[in-house]
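> Protein chains in written order, with this note's numbering: chain A, 1 to 347; chain B, 1001 to 1479; chain C, 2001 to 2192.
These are computed hints drawn from the structure, not numbers from a lab. Cβ atoms here follow ideal geometry from the backbone N, Cα and C, with glycine treated the same way. Take these hints with a grain of salt, some might be off.
Chain C regions said to be covered by chain A (calculated; three or more residues, Cβ under 8 Å) [to be verified]:
| hint | stretch |
| --- | --- |
| 1 | 2011 to 2021 |
| 2 | 2087 to 2094 |
| 3 | 2175 to 2187 |
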Amino acid sequence: MHNGILLTAAGWIRDILTFLFGNELLVNILMTLVGIGAIISVILTSAIVFTYAERKVCAFMQVRIGPNRVGGRFGLLQPVADMLKLMSKEDIIPNGCDRVVWSLSPMLLFVPSALIYSFFPFDDGAILADVNVGLFLLLAISSQAVLPFLMGGYASNSKYAMIGGMRTVAQMLSYEAPMAFSLIGVVMLTGSMKMSAIVEAQATHTWFVLLQPIAFVIYLITATAETNRTPFDLVEDESEIVAGPFTEYSGMRWALFFLAEYANLLSISILTTTLFLGGWHGPVLPGAVWFWLKVLVMIFVFMWFRWTFPRTRIDQMLSFSWKVLLPLALVNMLLTGVGIYLYQSLC
Amino acid sequence: MNFLAIGTEIAIALLMLIVLAADLLLPKDVSHRRIGVISMVGLAVILVYTFGQYHIGASPTFFGGLFFVDNYALFFKQLFIIGMLFTILFSLEYTEKLLRYRGEFYVLLLSALLGMCVMASANDFITTFVGLELMTVSFYILVGARMTSEDSSEAAVKYLIVGAASTAVMLYGMSLVYGAAGSLVFSEVCRNIHLFYAAGLAGVIMVIIGFFFKLSVIPFHMWAPDVYQGAPTPVTALLAMGSKAAGIAVFMRILYTAFPILGNFWLPLLAGFAALCMIGGNIMAIRQTDIKRMLAYSSIAQAGYMMVGMAAADLAGMKAVLFYAMLYVFANLGAFAVLTVIDTERGGTSRRDITGLAQAAPLLAAVMTISLLSMAGIPPTAGFAGKLYLFTAVVERGYLWLAFVGFVMSMISVYYYLMVAKAMYRDLTPEEAEYAAPVYVPLTVRAAVLVSVFATLGLGICPEWLASLTNAAVQTFMR
Amino acid sequence: MNDLILSLHRLIDMGMTMAEELGTPEIILAAVFYVFAGISVLGALGVVLGRNIVHSALCLTASFIGIGCLYIFLSADFLGAVQFLVYGGAVAILIVMAIMLTRREDMAHSNPSRSIPHQLAALVVAGMFLLAMAAVALMSPFQTAPADIGDTVTGIADLMLTKYVLPFEIVAVLLLIAMIGAIILAKGVDES
């Protein structure tokens, strides 16, 4: 029933493994590992691509050229140079820090960011864990990413880091609520929290961006805030608190924060695509291609936000969440309910 | 769905929302008494409405019998509404002068009332728990409502911590009962023989301990004195009569309908703790100089008296408990109305603050004395009739010693109640002349105390009226 | 080449059958259980025994997450997600934040009541309770649910909106009241 190209590729790998090892159980276990490996490699590759893309997009917006020395005229090897630089940096441990918590923070931050990839349908049937509470579990797991920021901020023994940690919590907690409420509209239309069912519902009806425009806008705003990107990057606000929770980190530890940030950017783009833009569905081209096209468009949109909007103030953005977005999301829920009722009674 | 069955609760919730909205619309610097008046009028209407719900036939239920509106529940709801109504009446002045958030105070009072009413009707553990939480969460905030007083904040924190711990114990007990009996509905729990296994017994014990915490039964009483003393005086009044009566209402229902087959286990336990409460509460009350703190210990003893009736475990005992709970409300109303005025005017409730009250406000001194005598059980007050019912009920079931303990302890309690009367009525020394200055007694307080005194004396002289109501209440208990 | 692969198949099949016979699947399941249970219990112990109160709060989070994993392991996936979202995602963070906002000079010895008598008393009480509950658990026959309990979300939704609709609605009032209370307590006195 499923026939995406990713699934076909997975079928080939399974055939090869079956040919090599025979036993079905073992092959199943190995296939799970293959899936995990694929997801990790997607995240790592995306970080490399995004550092380059971010620099280029930024340069384009600011009428500059951007990276143009390493690796030819377009600076294609710039990410490699960045990576080498980070790896060769000294690992500085600040004085008076809480060692255990301090070193746990970057690792723990990466875990939820990577975990939620198991709920994304990359293509027809290409989803690692298609559980029936998929969307809810996804939100629940991504909410775990708040504490590591706070841990890093506290353990660094630095006031900038501390303030940054506090800001992260305030920001992420207040934007989680409108985000969840805006997504309820999507769940109501689908009647399921299963990710594959949400994609299917958009194939049979239409993209939810058309049915849920308010939810889409709220989601875009809250997603920007959840990933701490401008205009909501109060967490690592250079002009006020140096780099927030990351102030005292350097080298590979800092790189982990960086990685988690890009993993988050990719995951919100994927989530937007899946929930509002019809997921992998599209004419002519294979599903996976459509999927990545939409995701790249969304990533461009988020980068566009970043380099065109000025930064807000922390009190402005918190009151915006509680006083505007949350009521709006609740109204959207009500409207969706009325809409569904009318639709059902008319048709 | 029978929405009439939850009519009282819907009405209270609506009233709460109306009060909340009214508070929002009312400018800040305007007197908030009118909000209190709105709540009182609403409560009065609801009280009248509940009288119409008394019935003879089958009791109305809501959603498959999880919410049971028998006469027993109705009686307790009326008790809560009366208590709340008169508390608001005598605390209008107090709220206006001493509290920072006046409108929210009324909202929280009404939500606590809603929680109590839900508890009275609950017929399964989840509804019980949710009602209990609604009541206690409201009380956590109410206890800390006097923002400027450190005592109030300390009391709120203590109440919150002990309350949360006791809730955890009770909830764990409920989960064990559910695990053993496979149901949360009282009548189904009682039918399951698995309750006799260790898990069921452990669950039952924990549920009972949880309720002992809420009823501040010795040795689970350590929170009560501090909380009673620190809380705003009207809130203390509600803790003593409302919260305790609600606990008793649901505790009795659980014991009689969910765990009756384990009666041989919990009856002696109940009798023992009742005796402990009466002895400990009364003896510790003797040494207190703060009236609110003294009433806290006295309320521990009163809980003991009511548990005597519960230990009888028959209709007569139940009737006696209902009767006693109601008259305790009236006695408390009188005493706390006086204390509220004193707290507002003289800024404290210690024995020194009531010195010379007989000259400063003769009415209040008289009301205080009558109320305290009713708590002690001196004829012709209602307390005498109440204790008579309680002790006869328990003697008929063979607990002679328990009645004896109760009798002796009532005599001891007269001592400390009269110490208060002495402080109010003794002649003032020349240095204390300032205490003779008249105390301003608002009209609303006069109305409240007069009602409480008439009820206390009236029920003492002819208890039949209330007794017939309690008869009606127990007649439909779980039929 | 083919022979090599065939013999490899045979070897692997033999290994898997042996593992099956030794009860490996059950052992793995048990191991998963014990890992998560261990996280919860060790986390809870860390809360009590930690000298630094921030570490206590972080251990509490670990304990919450361990319990959430246990729920999912028991195929109560919805409950597990709620546990993550509410306890791991909100409650724990509020606790940590409250602790950090009321920060003292030295966090290293911020956890109170560590005198020997206190610890002994706690040990005795905890030990007694543990023994009692272990006895209870061993002595009573619990009815077990069927292995596949199906779609838990639908089941919970059905119960909440039919049988237990009244408690559900009362909880809404409870939340409203908690919100009002939190606001007035947080605003305090000094706002004029």
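> Now look at each hint and say whether the structure bears it out.
Structure-based check of all given hints:
Counting residues of the stretch 2011 to 2021 of chain C whose CB falls under 8 Å from any CB of chain A gives 3; the rule of at least 3 is met. Under a criterion of three residues with beta carbons nearer than 8 Å to beta carbons of chain A, the stated coverage of the stretch 2087 to 2094 of chain C is upheld, 5 such residues being counted. With 0 residues having a Cβ less than 8 Å from any Cβ of chain A, the stretch 2175 to 2187 of chain C misses the three-residue criterion, and the hint is violated.
The structure fails hint 3 only (numbered hints given earlier).
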